[in-house]
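K.L.:
Please build the complex by placing chain B on the supplied structure of chain A, with the hints as guidance.
Protein chains in written order, with this note's numbering: chain A, 1 to 393; chain B, 394 to 756.
Source of the hints: derived by calculation from the structure; they are not laboratory data. Treat the hints loosely; a few may be bogus.
[As the list claims (entries may be wrong)] Computed, partial: chain B to chain A, Cβ under 10 Å: (1) Met445; (2) Gln648; (3) Val661; (4) Asp681; (5) Ala691; (6) Cys693; (7) Arg740; (8) Leu749.
Just so we're clear, the structure is a prediction, and the values are computed from it rather than from any experiment. Ideal Cβ placement from N, Cα and C applies to all residues, glycine included.
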Amino acid sequence: MTDADGLRDRVAEFLATHDHTAMDRVEFLRARFDVGLAWVHYPIGLGGLDAPRALQRVVDDAFAAAGAPDNEPRRIGIGLGMAAPTILRHGTDAQRRRFLRPLWTGEEVWCQLFSEPGAGSDLAALATRAVRDGDDWVVTGQKVWTSQAHVADRAILIARTDPELRKHAGITYFLLDMTAPGVDVRPLRQLTGDAEFNEVFLTDVPIPDADRLGAVGDGWRVAQTTLMNERVAIGGGALPREGGMIGVLARTWRERPDLRTAGLHDALMRLWVAAEANRLTGERLRQSLVAGHPGPEGSANKLAYAALNQQISALELELLGGEALRHDDWSKRRESSVDFYGRSATYRYLRAKGNSIEGGTSEILRNIIAERVLGLPTEPRVDKDVPWKDLPK
Amino acid sequence: MIDLLYSEVEDDLRAGVRAMLADRCPADRVLARVEGDEPYDPKVWRALATEMGLAGLAVPESRGGAGASWREVAVVCEELGRAVAPVPYLGSAVVATGVLLTLDDPLLAELAGGARTAALAVPFDTAPGSVPRLPATEGGALSGEVRGVVDAATADILLVPAADGLYAVEAAHATRTPVVSLDLTRPLCDVALDAAPGRRLATGELATAAVEAGLRAGAAMLASEQLGVAEWCLGSTVDYLKVRHQFGRPIGSFQALKHRLADVWVAVTEGRAVARYAAACLATGDADTTVAVGLAQAYCGPVAVTAAEECVQLHGGIGFTWEHPAHLYLKRAKADAIALGTADGHRAVLASLVDLPAAGPPH
Chain A
1 MTDADGLRDR
11 VAEFLATHDH
21 TAMDRVEFLR
31 ARFDVGLAWV
41 HYPIGLGGLD
51 APRALQRVVD
61 DAFAAAGAPD
71 NEPRRIGIGL
81 GMAAPTILRH
91 GTDAQRRRFL
101 RPLWTGEEVW
111 CQLFSEPGAG
121 SDLAALATRA
131 VRDGDDWVVT
141 GQKVWTSQAH
151 VADRAILIAR
161 TDPELRKHAG
171 ITYFLLDMTA
181 PGVDVRPLRQ
191 LTGDAEFNEV
201 FLTDVPIPDA
211 DRLGAVGDGW
221 RVAQTTLMNE
231 RVAIGGGALP
241 REGGMIGVLA
251 RTWRERPDLR
261 TAGLHDALMR
271 LWVAAEANRL
281 TGERLRQSLV
291 AGHPGPEGSA
301 NKLAYAALNQ
311 QISALELELL
321 GGEALRHDDW
331 SKRRESSVDF
341 YGRSATYRYL
351 RAKGNSIEGG
361 TSEILRNIIA
371 ERVLGLPTEP
381 RVDKDVPWKD
391 LPK
Chain B
394 MIDLLYSEVE
404 DDLRAGVRAM
414 LADRCPADRV
424 LARVEGDEPY
434 DPKVWRALAT
444 EMGLAGLAVP
454 ESRGGAGASW
464 REVAVVCEEL
474 GRAVAPVPYL
484 GSAVVATGVL
494 LTLDDPLLAE
504 LAGGARTAAL
514 AVPFDTAPGS
524 VPRLPATEGG
534 ALSGEVRGVV
544 DAATADILLV
554 PAADGLYAVE
564 AAHATRTPVV
574 SLDLTRPLCD
584 VALDAAPGRR
594 LATGELATAA
604 VEAGLRAGAA
614 MLASEQLGVA
624 EWCLGSTVDY
634 LKVRHQFGRP
644 IGSFQALKHR
654 LADVWVAVTE
664 GRAVARYAAA
674 CLATGDADTT
684 VAVGLAQAYC
694 GPVAVTAAEE
704 CVQLHGGIGF
714 TWEHPAHLYL
724 KRAKADAIAL
734 GTADGHRAVL
744 ASLVDLPAAG
754 PPH
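Chain A with its partners taken away, still in its complex shape (with noise of 0.2 Å):
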């Protein structure tokens, strides 16, 4: 039954009792959600039907063909992509009912609240405070570079709420509504001159206990499923033979034979092989992850991708000389969402300065790769078994 014709039978079922010509948007994914043909590989009664996740390309190629409304997942990519398996993970029943459709039909837009100007590589140094307060926490600090935040209704938080212990035991995971008092959201602008992150401001939040994910003190360990998930939304993307930014360079070189040199078609060429070979690796991550192994290999191909876009972006302002001199808009625009291709090469190369810092800078990643994937030694650590609040800030 959940085989590809079963989950075809179903979508088309679906459809036949459900005109999404004449519903509400909204009503018609709710309805999709309730039958489990949200997200086939979740749960039965939270949008899915165990099945395999390889058959949502199925599903969501059966509700393509007929039309029907989307959920607009680059609208709402921290949600699915990291808020919805941690909630799944270690959520209550209750929580994984109130927010998994809300979230999947996206009446609620999720952004993430980790990263602080004091703690960025070493997440785990995070000053955010979360006091108990009778059924409530209340929260206090400054959280950086939120994507969406503008525009959400909620929010992942960690924030410390045991300061006497060691820095990875301290800390807690939480669920915030944005609307909540005391949460102040303000652009942060960026080398490009966009302002397309946030800076989140925290001022005695309160926070009820039962929106708490996960334990008290074991907040670490549950982002670790949002972390995880994120590099695997970075790095991934299924595309086709130049679907990336080495696409863009290859069309300049074919529409303008007035710019080529030996040179450059010889950087030109081996970016084309090393982009053809990333994308081939995020393909076999995808068969690895289909088939049920996900492997290390997400932080390969997110370390590789950084590296390139901005080789191939740069290799693109070399190729057109003095036109590349020229930018297209440095106004602070409020973009809430990524476009490499819809501006000028010089803004690809200014955005692209960010690939090997978000999500986890490359250094970051070579140590993860060296330490868990290599099993290297870590290096000496004078924090580890320190209370945080004695660690030098």
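P.N.:
Okay, now just chain B, sitting in the frame of chain A:
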């Protein structure tokens, strides 16, 4: 999308080959052999070709082979690379077999059974797409010289492209002069023919297509060998960095070294996807095979070289000794990066295949 993973059958095959090589072809034995009179190891070849029946892996059962595919051959090549095994597998079971698969000749079954081996008489740096030929036969006899032929020293048969067709020549009729080779574990021969009798296998376009197919199979499988070389270099360096202590710490705890190995791991991980793609395309006769093979050689050759260079450097002094096997891998990696076309040559071919033309004459 084509399957880039390893099947259970392939995993079993790998385990079998690895166990055999660990037993009969350990690094110290390979090293001891390289300065002897017999650089190739006939016992290892017999184990591989006859006992395990892997010489004819890509050959259909109806033609005397095992009826598997190039995907499985690729797994064998990975393991042979990992062991820098001194056997004529690439020359005979891959390139010569690839040539003969295109033709209808009983010689294929002899190679597939492992009873005899053959070598394609072209220089080892010949890339698919370019076939150097000897002059046409005179009275059915071949004359001329081919420099730097791989796996010819132990071959029973030479497959010789000439201007008037492709010939099979009994190796006993050729003069084979061993070359002092960069790659100690896969030495080359200069081959001279002086009115050597040849048996014509094919002429014209069929002969060209057969040689082309052999070289293309060679280039695809070489990528998997390069992957195996790189994996050994990475693995042995990781192991060493865990136990070697300086400054009171295992040196693998220093971030400067860790990051270099992480980069090698990324390159190996990407190389695996690329090599698998080439093997899978070749196995299914995919329309993208030419691109896949060019890509595999343009990518995996440099990966193996980098891994081997990092292996030598990160081993420090011991890595620069003759006693440590790292140099065998460095020499194999660098030789492999030139064999069957350089990365630069493959990039040039790719450029025309994917319509990214080089610069025209300056204006």
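K.L.:
For every hint, state whether the structure bears it out.
P.N.:
Against the structure, the hints:
Hint on B/Met445 is violated. Least Cβ distance to chain A is approximately 27 Å, over the 10 Å limit. With 10 Å as the threshold, the beta carbon of B/Gln648 comes within range of chain A, its nearest partner Cβ sitting at about 6 Å, so the hint holds. Because the smallest distance between the Cβ of B/Val661 and any Cβ of chain A comes to about 9 Å, under 10 Å, the interface hint for this residue holds. The closest approach between the C-beta of B/Asp681 and any C-beta of chain A is roughly 9 Å, which is under the 10 Å cut-off, so the hint is satisfied.
Because the beta carbon of B/Ala691 sits about 5 Å from the nearest beta carbon in chain A, less than 10 Å, this interface hint is met. Given the 10 Å rule on beta carbons, the hint for B/Cys693 holds: about 9 Å separates it from the nearest Cβ of chain A. Interface restraint check: B/Arg740 against chain A, minimum CB-CB distance 4 Å, threshold 10 Å, status holds. With a cut of 10 Å, the hint placing B/Leu749 at the interface with chain A holds, because the nearest CB-to-CB distance is about 6 Å.
The structure fails hint 1 only (numbered hints given earlier).
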